[in-house]
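**Q** What follows is each chain in one-letter form.
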Amino acid sequence: MNERRKLWRTFKNNKTAVVGTVMALAVLFTAVFAFLISPYDPLEQDVFHRLTPPERSHPLGTDEYGRDVLARIIWGTQISLMVGFFSVLLGMIMGTAMGVVAGYSGHGTDTLIMRMVDVLLSFPTLITAIMIAAILGSGLVKLIITIGIVFAPRFARLAYGPTLAVKEMEYVSSAKVIGASSFRIITRHILPNIFGEIMVAGTLWMGTAIMTEASLSFLGLGVSPPTPTWGNMIRSGIDALTNAPWLSLFPGLSILITVLAFNMIGDGLRDIADPKLRA
Amino acid sequence: MVKYAIRRILISIPILLTVVTLIFFLVRTMPGGPAMAVLGDYASKEAVEALEKEMGLDIPMWQQYLVFLKSLSRGDLGKSLITGMPIAPQVARVLPYTLELTISSALFGVVFGIPLGVFTALRRNRMFDYMGRTFSLAGISLPSFFLGILMMLVFSVKLDLFPVVGGGDIGDLADSLHHLFLPGLTLGLMMTAYITRTTRSSVLNVLREDYVRTARAKGLRERIVIYGHTLRNALLPVVSFVGVYTIVLIGSSVLVEIVFSRPGLGKMMVGAVEQRDYMTLQSVMVIYASLVVIINLLTDLSYGLIDPRIRYD
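Residue numbers (my numbering), protein chains in the order written: chain R, 7 to 285; chain P, 6 to 318.
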């Protein structure tokens, strides 16, 4: 049996990963086919049906302008997924490069890069994001850049520790002795060793990135209304919490389901990526 | 160890200085500028210039920076652009609220998360493990502000057990605990979920190590294998993750403070952004940065304390 089929079988047998993938695919499907499945225009106001509780014509109710909550949630999926994917990708590439180079080169470079990472890490995700959002202004691309910058130092920290440890392993010393180049050692011995952890963190943090986007929108600093995002829906729903809880409940559940899906895939990937478990 | 600690503490000083410098210049790249923020977008040029002079913004940037550092070293954070009141006393008033929230929820997470992580790992793939994993997965997937809203809906609105808003009187222990309970539980559960996961996977990793198998093979009692060989090594990465997650927690405290209308640094910061009060924003950022530099320092020190390989590197 070849390696790929073996991996596929391990994946298929991992219930967490399969359920997570199915959930994530459902979310992806919702985002891509929003124009097909959305029952209403998410921006269409209906003054005669304001704050309608969930019922047959509006399964998740309507908001204070009579807009359909389900339609708004469906369209909000697009923003969440786009921001999540591209910001993590950006952060992963920048951060892993920083961490591996720092850990492998040691001495001065090590201190310089990791102190810079420390400085960047000094800002908690949301606080940096608030600061950068205040400078860059709002908008989808700026939001992706903001969250990407915020995530890079985490990947660097994550890649740094294992790189330090792997560097001291005997097989790396042996590779050095027989004259392997730094590039070869990094790509052949260090990256494969930390790859699993980085990927798991990547999927795990994709959920976190989606959450960061929602948090920024919740604070009124993300994509601005009337464009529906889960975060700004919760924000406008919180004032009506006692008489119209569905306004914040359903967007919140959407965030939970999406983030949960990515976390489940991340969990499954960790098991699959770990060669000790596969053996 | 002492040498490592001194080196690490000395390194923190330039880090903090870099952060403070970064914040100073970042705040000044914000669109509009402070005087414009106070007077509004349609203010006349003369009015803006007069106010800038009054605020000390007419001198060159590097001189402003030196003035800023000098007053910072005296503990003076400047005056709010909106109220004209000194910022330092205001920070001193709200900081305890943020600290009690963050520290209590971090402790909650460590106290419940580490044992839960160890037990789920030792009972892998059994009922207890599945329950623990489901809990921690749900915990890390729930946005803190949504969890806070759910808590509020159940415990304050429906059951009327806890106050909906405010932080209580910080001098009155019973009152502040009463107000702290829901926000603390919200962040505490989040922290528990994070630490449970990290601990579990770390213990599982170590349990597969050769030296654990060797320890078992040579007939050591399970207690010794677990406490002597496994946990000491497994808890090493957990220490650094507790640091990272406490930083995440500080970020989440902003949201929880907003949801529960609790006084604190987060509420102060969001208010400053909304009102474009650059001086207050800058001060709050400096305080946050100091908190995080301290957490990073403590994490590295404890890392060095339990892992001799680090301190002799």
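These are calculated hints, taken from the structure and not from any lab test. Given the structure is predicted, the values throughout are model-derived calculations rather than measurements. For every residue, glycine included, the Cβ atom is placed at its ideal position computed from N, Cα and C. Where hints are given, some of them may not hold.
Incomplete in silico selection of chain R near chain P, CB under 8 Å [what the hints assert, rightly or not]:
(1) ARG11
(2) LEU13
(3) LEU34
(4) PHE39
(5) THR115
(6) LEU118
(7) ILE119
(8) LEU127
(9) PHE129
(10) THR131
(11) VAL183
**Q** Now, for every hint given, state plainly whether the structure supports it.
**A** Comparing the hints with the structure gives:
no., hint, in the structure
1, ARG11, "violated (25 Å)"
2, LEU13, "violated (20 Å)"
3, LEU34, "violated (17 Å)"
4, PHE39, "violated (24 Å)"
5, THR115, "violated (15 Å)"
6, LEU118, "violated (11 Å)"
7, ILE119, "violated (13 Å)"
8, LEU127, "holds (7 Å)"
9, PHE129, "holds (7 Å)"
10, THR131, "holds (5 Å)"
11, VAL183, "violated (21 Å)"
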